[in-house]
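Residue numbers (our numbering), protein chains in the order written: chain A, 14 to 128; chain B, 13 to 125.
Treat the hints with care, as some may be off.
Claimed, not checked - Under the rule of at most 30 Å between Cα atoms (straight-line distance), these lysine-lysine pairs were calculated in the DSS-like manner: (1) B:69 to A:51; (2) A:83 to A:115; (3) A:51 to A:16; (4) A:115 to A:16; (5) B:23 to A:51; (6) B:69 to B:23; (7) A:16 to B:69; (8) A:16 to A:83; (9) A:115 to B:69; (10) A:51 to A:29; (11) A:51 to A:83; (12) A:29 to B:69; (13) A:115 to A:29.
Stated by the list, open to error - The following residues of chain B were derived to be distant from chain A, with all beta-carbon distances above 12 Å: (14) 20; (15) 23; (16) 29; (17) 30; (18) 38; (19) 64; (20) 65; (21) 77; (22) 85; (23) 89; (24) 94; (25) 96; (26) 106; (27) 112; (28) 125.
As the list claims (entries may be wrong) - To give an idea of the chain B side of the interface with chain A (calculated C-beta under 8 Å), a few residues: (29) 39; (30) 67; (31) 76.
Note that these hints are calculated values from the structure, not bench results.
No residue lacks a Cβ here, since even glycine has one placed at the ideal position from N, Cα and C.
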Amino acid sequence: AQKVTQAQTEISVVEKEDVTLDCVYETRDTTYYLFWYKQPPSGELVFLIRRNSFDEQNEISGRYSWNFQKSTSSFNFTITASQVVDSAVYFCALSERGRDDKIIFGKGTRLHILP
Amino acid sequence: DAEITQSPRHKITETGRQVTLACHQTWNHNNMFWYRQDLGHGLRLIHYSYGVHDTNKGEVSDGYSVSRSNTEDLPLTLESAASSQTSVYFCASSESGGDTEAFFGQGTRLTVV
Chain A
14 AQKVTQAQTE ISVVEKEDVT LDCVYETRDT TYYLFWYKQP PSGELVFLIR RNSFDEQNEI
74 SGRYSWNFQK STSSFNFTIT ASQVVDSAVY FCALSERGRD DKIIFGKGTR LHILP
Chain B
13 DAEITQSPRH KITETGRQVT LACHQTWNHN NMFWYRQDLG HGLRLIHYSY GVHDTNKGEV
73 SDGYSVSRSN TEDLPLTLES AASSQTSVYF CASSESGGDT EAFFGQGTRL TVV
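I would like the entire structure built from these sequences, with the hints used as guidance.
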């Protein structure tokens, strides 16, 4: 069965520090998709990135980067030079192609960026 | 622009009452999902649908039902509201295939008193 684990419940860092949010997943499929979403204090869910299981190339988008490693079933998210606006809850999610399209979420990591 | 909307945004109801939360999307997506968000549990899947007349149970489906009579709408019904169902509910939609992100509504905060 598919499962997503975000072991870090809450993290606090001082502004401008780098921070990495961990995500470990379980799946029986060889084809699957991983996602990160951001939920700012306003409550909406904002899509950040999608990665398929055949593409292990790391991705960078501005201060955000993602490290996908199939060998350890991890899809970690790093924020470089954090800013107060990065304070949010971040969710990692997984969907399996071939079984069904449902998206299963981890429990989320609440990130506090302290000024 | 295409969007997904939930109504109402806030609702207070009494224990035992039937409540229906609406979800409407204009993306023309086949897949629609209902999640609940609770502190310490993240987003948990309640029910989902892959198309008209298709519905499936998620991990926390007890006490909830859905029906899909058209592509655009997936209403969520609480048959007899319980205090344990106090939560924030999110509706989402996505294209078929599992390889696209889900688009979320703004959420409905439901309080059962």
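Hints versus structure:
{"no.": "1", "hint": "B:69 to A:51", "in the structure": "holds (26 Å)"}
{"no.": "2", "hint": "A:83 to A:115", "in the structure": "holds (21 Å)"}
{"no.": "3", "hint": "A:51 to A:16", "in the structure": "holds (19 Å)"}
{"no.": "4", "hint": "A:115 to A:16", "in the structure": "holds (12 Å)"}
{"no.": "5", "hint": "B:23 to A:51", "in the structure": "holds (25 Å)"}
{"no.": "6", "hint": "B:69 to B:23", "in the structure": "holds (24 Å)"}
{"no.": "7", "hint": "A:16 to B:69", "in the structure": "holds (17 Å)"}
{"no.": "8", "hint": "A:16 to A:83", "in the structure": "holds (15 Å)"}
{"no.": "9", "hint": "A:115 to B:69", "in the structure": "holds (11 Å)"}
{"no.": "10", "hint": "A:51 to A:29", "in the structure": "holds (19 Å)"}
{"no.": "11", "hint": "A:51 to A:83", "in the structure": "holds (23 Å)"}
{"no.": "12", "hint": "A:29 to B:69", "in the structure": "violated (43 Å)"}
{"no.": "13", "hint": "A:115 to A:29", "in the structure": "violated (36 Å)"}
{"no.": "14", "hint": "20", "in the structure": "holds (15 Å)"}
{"no.": "15", "hint": "23", "in the structure": "holds (15 Å)"}
{"no.": "16", "hint": "29", "in the structure": "holds (25 Å)"}
{"no.": "17", "hint": "30", "in the structure": "holds (26 Å)"}
{"no.": "18", "hint": "38", "in the structure": "holds (17 Å)"}
{"no.": "19", "hint": "64", "in the structure": "holds (15 Å)"}
{"no.": "20", "hint": "65", "in the structure": "holds (16 Å)"}
{"no.": "21", "hint": "77", "in the structure": "holds (17 Å)"}
{"no.": "22", "hint": "85", "in the structure": "holds (18 Å)"}
{"no.": "23", "hint": "89", "in the structure": "holds (20 Å)"}
{"no.": "24", "hint": "94", "in the structure": "holds (22 Å)"}
{"no.": "25", "hint": "96", "in the structure": "holds (18 Å)"}
{"no.": "26", "hint": "106", "in the structure": "violated (7 Å)"}
{"no.": "27", "hint": "112", "in the structure": "violated (7 Å)"}
{"no.": "28", "hint": "125", "in the structure": "holds (21 Å)"}
{"no.": "29", "hint": "39", "in the structure": "violated (13 Å)"}
{"no.": "30", "hint": "67", "in the structure": "violated (12 Å)"}
{"no.": "31", "hint": "76", "in the structure": "violated (15 Å)"}
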